[in-house]
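Student: Here the protein sequences come in this chain order: A and B. For the first sequence, the positions run 35 to 290 when the working numbering is used. For the second sequence, the positions run 211 to 495 when the working numbering is used.
Hints listed in this document are in silico derivations from the structure and should not be mistaken for laboratory results. Some clues are possibly wrong.
[Claimed, not checked] Per label pair, the in silico range of CB-to-CB distance: (1) B:G372 <-> A:G266: 23 to 29 Å; (2) A:G152 <-> B:R344: 19 to 25 Å; (3) A:T109 <-> B:Q373: 45 to 51 Å; (4) B:V430 <-> A:D165: 50 to 56 Å; (5) B:G254 <-> A:G234: 51 to 57 Å; (6) B:Q373 <-> A:Q289: 54 to 60 Å; (7) A:D165 <-> B:T283: 49 to 55 Å; (8) B:G386 <-> A:A101: 21 to 27 Å; (9) B:Q466 <-> A:D165: 48 to 54 Å; (10) B:G386 <-> A:Q270: 53 to 59 Å; (11) A:R221 <-> B:D445: 32 to 38 Å; (12) B:A444 <-> A:L233: 48 to 54 Å; (13) B:A321 <-> A:D165: 47 to 53 Å.
Idealized CB from N, CA, C, for every residue including glycine.
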Amino acid sequence: MTPLLQVRGIEKRYGARIGCTGVSFDLYPGEVMGIVGESGSGKSTLLSCLAGHLAPDQGQVIFDTRAKGPVDTVTMAEPERRMLARTDWAFVHQNPRDGLRMGVSAGGNVGERLMAVGARNYGQIRSSAEDWLGRVEIAADRIDDRPAAFSGGMQQRLQIARNLVTGPRLVFMDEPTGGLDVSVQARLLDLLRGLVRRLGLSAVIVTHDLAVVRLLADRLMVMKGGLVVETGLTDQVLDDPQHAYTQLLVSSVLQV
Amino acid sequence: MSDYNFAYLDEETKRMIRRAILKGVAIPGYQVPFASREMPMPYGWGTGGVQVTAACLTPEDVLKVIDQGADDTTNAVSIRKFFQLTAGVEVTEATAGASLIQTRHRIPEAALTEGQIVVFQVPIPEPLRFLEPRETETRKMHELEEYGLMHVKLYEDIARHGQIATAYAYPVKVEGRYVMDPSPIPKFDNPKLDGSPALMLFGAGREQRIYALPPYTKVVSLDFEDHPFEPSKADHDCDLCGASDTYLDEVIVDDQGGRMFVCSDTDHCRCRREAGHVGRLGVAA
Numbered sequence: 035m036t037p038l039l040q041v042r043g044i045e046k047r048y049g050a051r052i053g054c055t056g057v058s059f060d061l062y063p064g065e066v067m068g069i070v071g072e073s074g075s076g077k078s079t080l081l082s083c084l085a086g087h088l089a090p091d092q093g094q095v096i097f098d099t100r101a102k103g104p105v106d107t108v109t110m111a112e113p114e115r116r117m118l119a120r121t122d123w124a125f126v127h128q129n130p131r132d133g134l135r136m137g138v139s140a141g142g143n144v145g146e147r148l149m150a151v152g153a154r155n156y157g158q159i160r161s162s163a164e165d166w167l168g169r170v171e172i173a174a175d176r177i178d179d180r181p182a183a184f185s186g187g188m189q190q191r192l193q194i195a196r197n198l199v200t201g202p203r204l205v206f207m208d209e210p211t212g213g214l215d216v217s218v219q220a221r222l223l224d225l226l227r228g229l230v231r232r233l234g235l236s237a238v239i240v241t242h243d244l245a246v247v248r249l250l251a252d253r254l255m256v257m258k259g260g261l262v263v264e265t266g267l268t269d270q271v272l273d274d275p276q277h278a279y280t281q282l283l284v285s286s287v288l289q290v
Numbered sequence: 211m212s213d214y215n216f217a218y219l220d221e222e223t224k225r226m227i228r229r230a231i232l233k234g235v236a237i238p239g240y241q242v243p244f245a246s247r248e249m250p251m252p253y254g255w256g257t258g259g260v261q262v263t264a265a266c267l268t269p270e271d272v273l274k275v276i277d278q279g280a281d282d283t284t285n286a287v288s289i290r291k292f293f294q295l296t297a298g299v300e301v302t303e304a305t306a307g308a309s310l311i312q313t314r315h316r317i318p319e320a321a322l323t324e325g326q327i328v329v330f331q332v333p334i335p336e337p338l339r340f341l342e343p344r345e346t347e348t349r350k351m352h353e354l355e356e357y358g359l360m361h362v363k364l365y366e367d368i369a370r371h372g373q374i375a376t377a378y379a380y381p382v383k384v385e386g387r388y389v390m391d392p393s394p395i396p397k398f399d400n401p402k403l404d405g406s407p408a409l410m411l412f413g414a415g416r417e418q419r420i421y422a423l424p425p426y427t428k429v430v431s432l433d434f435e436d437h438p439f440e441p442s443k444a445d446h447d448c449d450l451c452g453a454s455d456t457y458l459d460e461v462i463v464d465d466q467g468g469r470m471f472v473c474s475d476t477d478h479c480r481c482r483r484e485a486g487h488v489g490r491l492g493v494a495a
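Working from the sequences, and respecting the hints, build out all of it.
Tutor: This is the structure in structure tokens:
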């Protein structure tokens, strides 16, 4: 089986400082990879490099495209990469305001990716927007409301719907539950887990919340200071952490 | 008159503008940046159009200036006077008799002919601006032909108003490539852009952009399959000349709610009345 995403020796430096370095992993179809670490450990830098928002200084990000098979997205032409970002990839930002158009209605937000790939039938765009709002548990009568009128949790769900409407195969998530209160987090996680499993999505999830990766991720990468210090199956890493930093991370989770 | 260089601008500036125009003509619909000059009138009064006109004028030209279709409104009168003073060219109100027409917000009703130049005044040349505020991003979108966002605007119109409510500055696609803002002309005028025998030049002074439609360019108004583009006008006939196929202005005539609809193109209306057409409230000429 060809991995959906092969990451080889990604390095990103900010001048003399290291963003992240020497990161390699394979992600297979249907697999969810969690990346955890403290603030400043380079996990968001890594995610931006993978998703093509930042150009890495070194390394390859090889994606198994539908048309041409495995292609290095770092060296691929920009129009192709942006096309990938609109179709086969999705990016869920931590702050929904970064990922949504706040001045455009919920339906328009969901429909944008469809129109970006050539949908020109209003009725069809609207019905798939309705369908996707339903799937992320937003009432159909909110379709013409702007995201500014939505609660934080609804905005985040809307962002997810907007990203998944074109049926991507790989989803990048940057702290998808950050900034939400715990009960809303739990519902969102439930929803995400359902969507990921049902659609067979592959995902790379960056978070500092171990509960999120415990629920969603199959495999885990622990980062510190721009380096990957430990990898393995999620339960294995969390239940039997080997690296001192991972042990610290696991033991600092508050127990209620 | 001799105190001004011909048509106000210095020759170097006119050359720079002509180069931008030529580039615009070579790439229909593409916004060419140019070094817009300060003009002796405020931004929003057509500084872009005036500079394009100045660069195109020759002493043999016959100039017509219209504002919202009318030859006698402030903007039209002041620009016409400006070129009478600085270029000394002949001016006219007749569309057919003009070789260069500077216009704000309308295309004349009378059919344009080969050899004529129409200069549009453009406030905001970027059709994607209100959806995407970043210039770097909109340029990239034009470069990579990523125009899905333009349809998001039309989608929003239908979602909110039940139809495409954009009535002016209706976005068009030029020769299947660039999406272009046709300046704030009513969408009633959009079909006149398609395959026009006249050269159409668009100048935005504050935004420093020039773009162009060469004669016989294919211009398509954007729409949805199930909500096709419809040029719209007030559902009346002209009250002065009786024309049923022209774009109309609504004029309030008293305090009792009385109103009349008249052609916004004053020259066209006058010609029709002189030819004997009389509308509901008109008197025979």
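Student: At the C-beta level, are G152 of chain A and R344 of chain B separated by a distance inside 19 to 25 Å?
Tutor: Taking Cβ atoms as reference, G152 of chain A and R344 of chain B lie about 23 Å apart, which means the hint holds.
Student: Is 51 to 57 Å right for how far apart the beta carbons of G254 of chain B and G234 of chain A are?
Tutor: holds (55 Å)
Student: Indicate whether the distance between the beta carbons of Q466 of chain B and D165 of chain A respects the range 48 to 54 Å.
Tutor: holds (53 Å)
Student: Note whether the CB distance of Q373 of chain B and Q289 of chain A lies within 54 to 60 Å or breaks it.
Tutor: holds (58 Å)
Student: Does the beta carbon distance between V430 of chain B and D165 of chain A stay inside 50 to 56 Å, or does it fall outside?
Tutor: violated (30 Å)
Student: Check the following: the C-beta atoms of R221 of chain A and D445 of chain B are separated by a distance inside 32 to 38 Å.
Tutor: violated (51 Å)
Student: Within 53 to 59 Å: is that where the Cβ-Cβ distance between G386 of chain B and Q270 of chain A falls?
Tutor: holds (56 Å)
Student: Should the hint that T109 of chain A and Q373 of chain B are 45 to 51 Å apart at their CB atoms be regarded as holding?
Tutor: holds (46 Å)
Student: Lying within 47 to 53 Å: is that true of the beta-carbon distance A321 of chain B to D165 of chain A?
Tutor: Cβ of A321 of chain B to Cβ of D165 of chain A: about 48 Å, so the range 47 to 53 Å holds.
Student: Do G386 of chain B and A101 of chain A keep their Cβ atoms within the hinted range of 21 to 27 Å?
Tutor: holds (23 Å)
Student: Looking only at beta-carbon atoms, does the pair A444 of chain B, L233 of chain A fall within the given range of 48 to 54 Å?
Tutor: Given a distance of about 50 Å, which is inside 48 to 54 Å, the answer is holds.
Student: With 49 to 55 Å as the target window, see if D165 of chain A and T283 of chain B comply at their CB atoms.
Tutor: holds (51 Å)
Violated hints, in rising order: 1, 4 and 11; the structure is consistent with all others.
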